[in-house]
Amino acid sequence: MTDMKIQIILAGIGGQGILFSSKIFSELGLKLGLDVMGSETHGMSQRGGSVIAHLKLGEFQSPVIRTGTADILYSFEENETYRTLRFLKRGGLCFVNLQDPGRFDPKVLDYLKKSGVTFRSFDASGAAAKIGSIMSTNIVLIGYSVGTGLVPFKQKDLKNILESVSQKKNLEINLKAFEIGVREGKLLKNPD
Amino acid sequence: MGNVAIARGIIEAGCHVVTSYPGTPSSEIIPAVVQFKKELDLNTYIEWSANEKVAFDNALAASLTGKRAAVAMKQVGLNVASDSLMSSAYTGVIGGMVIISCDDPGPLSSQTEQDSRFFAMFAKVPVYDPSTPQEAKEMVKDAFELSEKYQIPVILRPTIKVSHAKQSVKISPVQMLDRQADFKKDPDRWAATPKYRFVLHKKLNETLKKIQEKFEKDSRWNYEVGTSRDVPLGIITCSVSFVTLLDILQELHLEKAINVLKIGTPYPFPQKRVSEFIERHKTVLVIEETDSVIESQIIDKRRVKGRLSGDIPLQGELSPDKIYEILAGVLKKLGIADLKEAGDRKLHQLIEGLDIHVRRPTLCAGCPERAAFFAIKRALPKAIYSSDIGCYTLGLNMKAVDTVLDMGAGITFASGFYHAYRQDEKDIPIVATMGDSTFFHSGTSSLLSAVYNDARFILVILDNEITAMTGMQPTPGLGIRADGSEGKKVSIEELIKGCGVKWVKTIDPYDVQNLIKLLKEAGKYTQRNDGGIAAIVARHPCLIRYPDAWKEHPVKVEITADCDGCQYCLDYFECPALYLSEEKDRVEIDRNFCVDCGVCIHACPKAAIVPLEK
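Sequence lines, in order, name chains G and E. Going letter by letter, the first sequence gives residues 129 to 320 in this note's numbering. Going letter by letter, the second sequence gives residues 1276 to 1889 in this note's numbering.
Okay, chain G solo, but in the shape it has when bound (with noise of 0.2 Å):
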């Protein structure tokens, strides 16, 4: 496990909670023992403008990604997808918060499953308000990851995580936004 090396892109806009995703695979690392190391966006950007995080765990020198290099991208805005899209890698995984699914560029899509990108969308801002808590959406997406499968990350520690670093008075409803999200991809993974 220790020589694992994964980079993680988080988009979106300010309010999207990306500096609490960032903190939540901060802590992740941490805990499997990895170096961390990141970068992200503050100040004047966080007036609703875009918000993007950088995340390098394991043996890393610079905390920014390069083009074309991100092992995984969580987004949590459609458009801040395309804007950030270039940062993964042939063979990479997307995570992508879309109301409508349908309405991603189908040439893009395209292109993405030639360069071996795997492309997951799912309305993650849908089921936050569902359980009336759209600030939640970025934890419903990390949920969704896990249980598709595809990221190699355990269910279990992400919820001890999310127990240690959300403020008491969200706690509850993070953990639920977490089992919600994980349900979703587990239903995607075995689609009977």
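Note that these hints are calculated values from the structure, not bench results. Any given hint might turn out to be false.
As the list claims (entries may be wrong) - Straight-line distance between alpha carbons at most 30 Å, and here's what the computed BS3-like set of lysine-lysine pairs gives:
1) E:K1312 - G:K297
2) G:K133 - E:K1445
3) E:K1478 - E:K1652
4) G:K242 - E:K1597
5) G:K235 - E:K1621
6) E:K1445 - G:K159
Small disclaimer: the values here were computed from a predicted structure and weren't measured.
Starting from the structure of chain G, add chain E where the hints point.
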């Protein structure tokens, strides 16, 4: 985070006094120092000062009593503190004094890309340039030692990608330095006249020479990676570019094909070390941010390629992609390797073709500053709008901001515009907007000078009772200090009156109609013979900081069938909770964003935004 690591370094060094004025990318340092102080039950004195010069002088005075002191700011903050910095290089310090000036290549959140290492050269003080959070922490401690040993202030210059980088950092024990304040009078040094200043300057030059010799031999911050013989290419680099380069070389398996010299102390410059490295290589590439501090100090530049030689752009952040591109170009030229193109051109073309709408930063839904700007545009549509640095710079989107220069220029520009027009016997309406924290930072000297010279304009202080843009730091107006304890409140109204302004009114900007009336009244006052500057304090708390503030009197609104999709509200009110529904061709409310402030009722010329019937 890098800034937390820096804070830890300050604490581990046993620093007694820490001061700052917030500014991206430095703002997280003080809160982290406060947290360590509380966790470790230390007696550290911590303050948010009114501006960077005030912060600098407070720290310096503490150093003069023998204590260790640190002051943190963003790079443009050092401009404000530069008067003190220049002079303190001559007088020197007693207790270690470290200045943390966070640079912003890009720039991502600043008005310039200036390089604080040049400021160190200009002021003649040593500078450390960390590549990672871990190194930043260790450098802070070393900087304190150096400062104390040579009695000179020392700068630490992290770039934004160090300050905001995440890294697991190894912590060390905290050094406990029991020092009682003991200021030893020495007017020749601390209150030197020009004659002694010459003596001090000579002494400073001698000190710098000693430090340069030390940096020549230093191998902790200046070292080589890869010591292959007979490789044609050497790279001299620093800050985050260094670690970015290491990752790229490893990824491409080029570690053995290129030698790298990392420079962590660019001033005083380890000249011999660098010359010796250059001599061993046919070509030397200098990769540094933001400006060309290392490259310009190299004496013989014949083999050197960098920003000055035109091989690297003179501006902008050196992202991993940029460094890859630069490297690919040089490697191809030298025949060492032919790297494939970075990125995926086909994907890029596909996405370019989509014409994606890029979200620009906007004021939050329910932001009181939006209400104020809307009223200003309504009341005085033809005015010149001079504004300032803060969230309210985003009034640009509403076309209610014409100028943003630096901290305080909202008022000085208003005064300057007035006199330039007045000279031609023209009276034009001018509205200056400035936030509360910015007014405390540098508004008062601008304002009293404008009063004294009888300038005429309307000043609107956008008082949201917090320094919002940089992450909710308290202001003198709030009266809460850096560690959360209670300080003394400073009244903005009294301050304005103290500057000599006679016409001062306070209003809640949510009361849009009355604010419009008040602005018109203010405009008339500025034109009266016996008039003057008219000041309005538009006070309503920031909704991010005080999320309950709007819940007290929620005004839920709806959009009626009268909406004809004219988009006036989108263009001139620009609330993120309002959007054009393409299917219905009219404006709708996004309830995920809407905070029920009800201000948009005033923003519809067709009166189609109305309170929701209960």
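Fill in: Violated hints - listed by number, lowest first
3
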